[in-house]
Amino acid sequence: MPHINYQARELAFKIVYYGPGLSGKTTNLIHIHSTLDPERRGDIVVLDTEEERTLFFDFFPLALGRIGDYSVRFNMYTVPGQVYYEASRRLILDGADGIVFVADSQPNRLNENIQSFQMLQESLTSYGVDWKEFPLVLQYNKRDLEDLLPVGTLESRLGLNGIPVQEAVATAGTGVIETIRIASRAVIEKFQL
Amino acid sequence: MNRTGEENSNSIAQKLLELIKRSGALTALLVSKEGVAISEAGDTSYLNTTAMAALVAGMFSATREVARIVGERQFSILLQQGENRHIHISLIHDSKMMVLIFEDHQRIGLVRHEARRTGEDLNRILSTATGSQACEKIGTPQFKEYALNLIDRIFEAK
Numbered sequence: 001m002p003h004i005n006y007q008a009r010e011l012a013f014k015i016v017y018y019g020p021g022l023s024g025k026t027t028n029l030i031h032i033h034s035t036l037d038p039e040r041r042g043d044i045v046v047l048d049t050e051e052e053r054t055l056f057f058d059f060f061p062l063a064l065g066r067i068g069d070y071s072v073r074f075n076m077y078t079v080p081g082q083v084y085y086e087a088s089r090r091l092i093l094d095g096a097d098g099i100v101f102v103a104d105s106q107p108n109r110l111n112e113n114i115q116s117f118q119m120l121q122e123s124l125t126s127y128g129v130d131w132k133e134f135p136l137v138l139q140y141n142k143r144d145l146e147d148l149l150p151v152g153t154l155e156s157r158l159g160l161n162g163i164p165v166q167e168a169v170a171t172a173g174t175g176v177i178e179t180i181r182i183a184s185r186a187v188i189e190k191f192q193l
Numbered sequence: 001m002n003r004t005g006e007e008n009s010n011s012i013a014q015k016l017l018e019l020i021k022r023s024g025a026l027t028a029l030l031v032s033k034e035g036v037a038i039s040e041a042g043d044t045s046y047l048n049t050t051a052m053a054a055l056v057a058g059m060f061s062a063t064r065e066v067a068r069i070v071g072e073r074q075f076s077i078l079l080q081q082g083e084n085r086h087i088h089i090s091l092i093h094d095s096k097m098m099v100l101i102f103e104d105h106q107r108i109g110l111v112r113h114e115a116r117r118t119g120e121d122l123n124r125i126l127s128t129a130t131g132s133q134a135c136e137k138i139g140t141p142q143f144k145e146y147a148l149n150l151i152d153r154i155f156e157a158k
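Chains A and B supply the protein sequences, listed in that same order.
The first sequence runs 1 to 193 under this note's numbering.
The second sequence runs 1 to 158 under this note's numbering.
Heads up, a few of these hints could be off.
[What the hints assert, rightly or not] Think about it this way: if two alpha-carbon atoms lie no more than 25 angstroms apart in a straight line, the pair counts; the simulated PhoX-like pairs of lysine-lysine are:
#1 Lys144(B) / Lys132(A)
#2 Lys190(A) / Lys21(B)
#3 Lys190(A) / Lys132(A)
#4 Lys190(A) / Lys33(B)
Calculated from the structure, these hints are not laboratory results.
When you get a sec, could you build the whole thing from the sequences and use the hints?
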């Protein structure tokens with residue numbers, strides 16, 4: 001459920017980019033941030049290590065605009081992908097209104113994708129969220145590589161029939177905006193007070 | 001009697017304002033554990049409150065994990081000491097953080113004392129159930145339609 005600040009008349013939704021390490025979550029976020037009009041975006045906060053691995057999270061607020069008396073905002077987060085940051089991931093997922101799962105399309109990353117998605121399922125379940133009813137978009141990233149996991153692989157392995165899917169090359173910006181458009185629409189459509 | 005979210009919000013803003021006056025602190029924020037500023041008082045002109053709220057929530061969450069590692073359920077107060085400005089963060093109602101930013105010439109003892117008093121008041125306010133009558137307009141089909149149109153407008157032009 002989104003956060004309502006009655007004092008400032010603000011409504012804030014939380015969208016989290018989730019996925020295995022080095023799948024392109026931060027690249028997605030940076031591309032979205034760079035393409036938005038300056039008045040729609042707040043400063044991007046990137047907390048990474050010297051090797052450019054996300055340490056805690058990346059974050060920026062996206063202003064949707066005013067609807068009635070309220071200004072509506074999407075707070076965009078990434079989580080660190082590496083397995084040993086599970087505690088951080090769980091904390092950032094808390095209160096999420098929608099998730100983009102950024103999968104790495106390289107066949108040798110199939111197990112990491114599956115493991116990461118299973119962690120996501122477990123975390124959502126522990127927060128009492130029915131992940132099958134939750135706004136969730138699956139992005140197959142790195143589609144510019146030669147050897148690729150066919151679209152449909154993760155859906156069939158993880159039982160994700162009917163989930164919205166988007167192919168992307170985040171480094172080139174391809175499919176990134178379409179992904180966030182699908183995700184933010186799903187968040188609004190599922191939203192109820 | 002249950003209070004609406006809006007009534008709660010007004011009471012919280014009032015308490016934070018009183019805290020600023022009594023403690024002499026620069027800024028007070030109430031932040032949700034999801035990283036959103038719920039209420040603010042004092043001078044916020046020098047501060048990106050949106051980024052601040054997200055970072056404080058992350059910091060407090062990390063600290064909670066540290067507490068668990070050393071066998072504590074949580075640490076209820078965090079104090080960040082700088083050269084000129086300091087930050088006092090206290091956990092409120094198990095799910096929110098009250099952030100007080102104060103300058104070096106202000107007395108830490110007074111800040112801590114007043115933060116504790118206000119924390120108790122906020123706990124009481126937050127314990128009364130929050131209704132959602134004040135935001136009935138937000139969940140309507142018209143609201144959703146307008147929001148979906150905005151999303152398409154923002155992202156389709158890219």
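Which numbered hints are broken by the structure, listed smallest first?
Violated hint: only 2; rest satisfied.
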